[in-house]
Structures are given as structure tokens and as C-alpha cells.
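*Asks:* Sequence:
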Amino acid sequence: MALRRTRASADPDSPPRAIALPATWEQSAAEALACLSPGLGPVSLPSLAEGWIARLSARAVQLGILEAIDAVALAESLRQLVITRRGAPGASTWRGDAKVEPRFVLNLPAFLDSAGGFDAAGYAAAVGTGVQALEVLTGGRAQRLRLGFADLSALLAACGLAYDSPAARDVANALSALTRGAAEQASARLAEKHGAREPAALLWPAPPARCAIPGLAVAARRALDAAGATQGLRHHGSFALTAADAAEALLGCETGGLAPAQGATRLMQDEDGRVAERPTAAARRAGLLQGEREAEALLAPVTDKAREAMEAAIRPYLHAAAPAPLARPEPARPLPPPRPAVAARGNVWRVVVGGHRVLLRTTEAADGSLIEVGLSMGKEGGKDGSALRG
Numbered sequence: 001m002a003l004r005r006t007r008a009s010a011d012p013d014s015p016p017r018a019i020a021l022p023a024t025w026e027q028s029a030a031e032a033l034a035c036l037s038p039g040l041g042p043v044s045l046p047s048l049a050e051g052w053i054a055r056l057s058a059r060a061v062q063l064g065i066l067e068a069i070d071a072v073a074l075a076e077s078l079r080q081l082v083i084t085r086r087g088a089p090g091a092s093t094w095r096g097d098a099k100v101e102p103r104f105v106l107n108l109p110a111f112l113d114s115a116g117g118f119d120a121a122g123y124a125a126a127v128g129t130g131v132q133a134l135e136v137l138t139g140g141r142a143q144r145l146r147l148g149f150a151d152l153s154a155l156l157a158a159c160g161l162a163y164d165s166p167a168a169r170d171v172a173n174a175l176s177a178l179t180r181g182a183a184e185q186a187s188a189r190l191a192e193k194h195g196a197r198e199p200a201a202l203l204w205p206a207p208p209a210r211c212a213i214p215g216l217a218v219a220a221r222r223a224l225d226a227a228g229a230t231q232g233l234r235h236h237g238s239f240a241l242t243a244a245d246a247a248e249a250l251l252g253c254e255t256g257g258l259a260p261a262q263g264a265t266r267l268m269q270d271e272d273g274r275v276a277e278r279p280t281a282a283a284r285r286a287g288l289l290q291g292e293r294e295a296e297a298l299l300a301p302v303t304d305k306a307r308e309a310m311e312a313a314i315r316p317y318l319h320a321a322a323p324a325p326l327a328r329p330e331p332a333r334p335l336p337p338p339r340p341a342v343a344a345r346g347n348v349w350r351v352v353v354g355g356h357r358v359l360l361r362t363t364e365a366a367d368g369s370l371i372e373v374g375l376s377m378g379k380e381g382g383k384d385g386s387a388l389r390g
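Every letter in the sequence shown is one number past the one before it in our numbering, and letter 315, counting from 1, is 315.
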């Protein structure tokens, strides 16, 4: 694996760090790597990934969750998922933070081939790897796991499907069914060794009979049937979409979970610090498969109702509610029209107070109510004028 060296920081206020990552990975992946590694020193993707993979593999054997040979196979599967950018655990695992509940995310567009076909078998295997990894990370005690996917909008665009379309929702429904079925099969395999906590599900919402991605609907149906034929599950739940963190950015995901794309371009900063509007990775991928003009239309922003419809399509297979989208700012309220000037009137009296000539002014509103009363003295008021003004 050829590496390139660059400098990047987790945020604009942090000092840049020396980063070593695969030569074909973009600068945003270097920034994500800086965020995933604690400290301020140099970071290398192979060494950082090998650190948590080795800890996870050793813990699997130590806790008796996996046999030694199975732990070696799990470690190799995790290496392949990371290097192919198909999947990875959340930021807490990379940082070694045991206080945060672990999560595992799969990058949906990474399972597409050059012709736009979806590797359903590879995806199901990756789901199983994620369930095993989460079982080890939680010490075998968690009854609910958090495994999900990301960048659904990019997958749909690469397949030529508009986000707000029935065909896109059928694909999302089949993907969710495949994820749920594969996750429960992996949970059942763990239950065979460590005991079941949950009976296998016998009733499922029916996935679509066919969808726009060839073979996906059949794979989803088979995964659900296989999960229903098991003797019991180790976990009460395993499929959950979670809020994105730096792990998604490392994998090259541009949207979290089921979130729609925000457009075909975005402002990006290159290594020289210049900022320019450039096509997103999803736009480049869709442009190769569907054409540039079609890619722009497929990745155009959609309404909130479109996102709600997409969430409803995958909800039947989720074990937990999807995270709410970020709140959008309300449109600016128009300024009120200027009020007309008050038609004021008043009177002026010249009076003598204590032997001093005083100018008395009053100001009245249009309805005759008193607005202001003012007193002023001429220059001849002398020293005693200050007392009167007070």
C-alpha cells in the first residue's frame, strides 16, 4: 500500500500534524485521521488502525468471545474493511475511549463496482464483521448494538435514482432488510456459543419483490429468511443509524445515514489553503456512471418531506429511531414598515420665575396628550439659572 505524507489538523484552531495515509485518499481523510488520533504528534493510518485492531483481537480471545483462529480472521476482515473504505468503528474506538458506547458504520457507495453493481454478499459479510467487532468492544455484555450505514444518497445517485422517488425508497427498504437480516444472522451465531437472549423474529415486513439494483431484493429476502430460521439471537437489537463522526469522513462518506445530499458541489480547501467550489465525491462517482448533468440533478437538495418519506421506508427494519436531522434556521423575518412621523404640536410661553425670564415649551401628540415639557433660560439668567435648571 503506497502512502503519501501531508499535514492536516482536526480543526482550524489546532496546529497541523504530520499525516501518512494511502496515496489516493483525499485531504479530508487526512483531517479525519488527525481527529481520530489523540495527541498532537505524527499519525499513520496503518499504525493507528493496527493499534485498535490488535487490542480488539486480543480482547476477543481474553473474554472468550472468539476462538484464537476466529479472532485472527476478524482482525483481517477489519483491516480489509478499513483499507477498502467499506467500514470502520466509530471515533471512540480509534481514540481508545471506553466511556463512549461503540458504533460501527458501513460506507454504502464503497460496495459498488465500476459498472454500478452492488456487492450484496460482501455487504452482508461486512455487517457480520461489524456485529462481531461490536460484541467484543462491548465486552459481550451489551444487549443492543449500534451498527448502521452511511452515504445512502451517494449510492442512489450512482445508481441513477432520484432521492425523492419510489424506486429510491424501494432500494433503501431492501438495503435495510439486508442489513437487519445479516446482523441478526451474526447475532444468532454468537448466541450459539454464548446463549440466546432474544427469540428469532418470525414475522417481517415484506421487502420489495424487486428494486433498481439487480439482486438486492433477492439477497434481502434470503437474509431475512435465514435470520428467521435461527434458534435465537444474542442481542435485542443491532441495526441502528447513529450520528456521524470522523469515522465517516475517513471512509469518504459525505452524508450520514439516510440524509439527502446538499448539492453536487461544495467548498473545499486544498493543500495550499485555497478554497474553491468543487464537485463532491458523490457527484464525481455519479458523473462517471450517469453523466455530469444527470449527477447534478440527482444530488440537488430535496425537501424535508422527501427525507421523512425515506425514513419511513427504512423504519420497519431499524431497531432504534434514526437521528433527527439538524435544525434549519428559520427564514429571516421582513422588517416592519416604517411608522409615520408623529404629527406633534405644542405651545411656547415666556414667563418670569423668581425674577428670571424662562422659556416654557410643551409638546403634545395628535390626540392632545402631553409628550414633553421643556424649560430654558436666556444668557441673562446668571448664576441662579443652574438651580432652576436642576
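Honestly, the hints are just simulated from the structure, not real lab data.
Note that beta-carbon positions come from the ideal geometry of N, C-alpha and C, so glycine has one too.
Take the hints with a grain of salt, since some may be wrong.
[Claimed, not checked] Straight line, CA to CA, 25 angstroms or less: simulated DMTMM-like cross-link-like pairs of lysine to aspartate or glutamate:
1) Lys305 - Glu294
2) Lys99 - Asp245
3) Lys193 - Glu101
4) Lys99 - Asp11
5) Lys193 - Asp225
6) Lys193 - Glu294
7) Lys305 - Glu330
8) Lys305 - Glu101
9) Lys193 - Asp11
10) Lys99 - Glu50
11) Lys193 - Glu67
[Said to hold, decoys possible] DEER-style ranges, computed between Cβ atoms:
12) Gly232 - Val275: 18 to 28 angstroms
13) Ala54 - Arg141: 20 to 30 angstroms
14) Ser47 - Lys99: 22 to 32 angstroms
*Asks:* Each of the hints needs a verdict: does it hold here or not?
*Replies:* Against the structure, the hints come out as follows:
Note on lysine 305 and glutamate 294: the hinted pairing holds, with a Cα-Cα distance of about 22 angstroms set against a maximum of 25 angstroms. For the hint linking lysine 99 to aspartate 245, the alpha-carbon distance of about 16 angstroms falls within 25 angstroms, and the restraint holds. Our distance criterion of 25 angstroms between C-alpha atoms is met by lysine 193 and glutamate 101, whose separation comes to about 24 angstroms. Using a Cα cut-off of 25 angstroms, the hinted pair lysine 99 and aspartate 11 holds, with the two alpha carbons roughly 23 angstroms apart.
About 21 angstroms separates the Cα atoms of lysine 193 and aspartate 225, which keeps this hinted pair within 25 angstroms; it holds. Taken as a hint, the lysine 193 and glutamate 294 pair is broken in the structure, with Cα atoms around 50 angstroms apart against an allowance of 25 angstroms. This hinted pair checks out: lysine 305 and glutamate 330 have alpha carbons roughly 17 angstroms apart, not beyond 25 angstroms. With a C-alpha separation of about 31 angstroms, the suggested pair lysine 305 and glutamate 101 falls outside the 25 angstroms cut-off, and the hint is violated.
Between lysine 193 and aspartate 11 the alpha-carbon distance is near 45 angstroms, which puts this suggested pair outside the 25 angstroms criterion. Taking the CA atoms of lysine 99 and glutamate 50, the gap is about 21 angstroms. The hint holds against a cut of 25 angstroms. Between lysine 193 and glutamate 67 the CA atoms are separated by roughly 11 angstroms; this keeps the pair inside 25 angstroms, and the hint holds. In this structure, glycine 232 and valine 275 break the distance hint of 18 to 28 angstroms, their C-beta atoms being roughly 54 angstroms apart.
A C-beta distance of roughly 22 angstroms is found between alanine 54 and arginine 141, which places it inside the suggested range of 20 to 30 angstroms. Remark: the range hint 22 to 32 angstroms for serine 47 to lysine 99 is upheld by a beta-carbon distance near 24 angstroms.
Hints 6, 8, 9 and 12, counting from the list given before, are not met by this structure.
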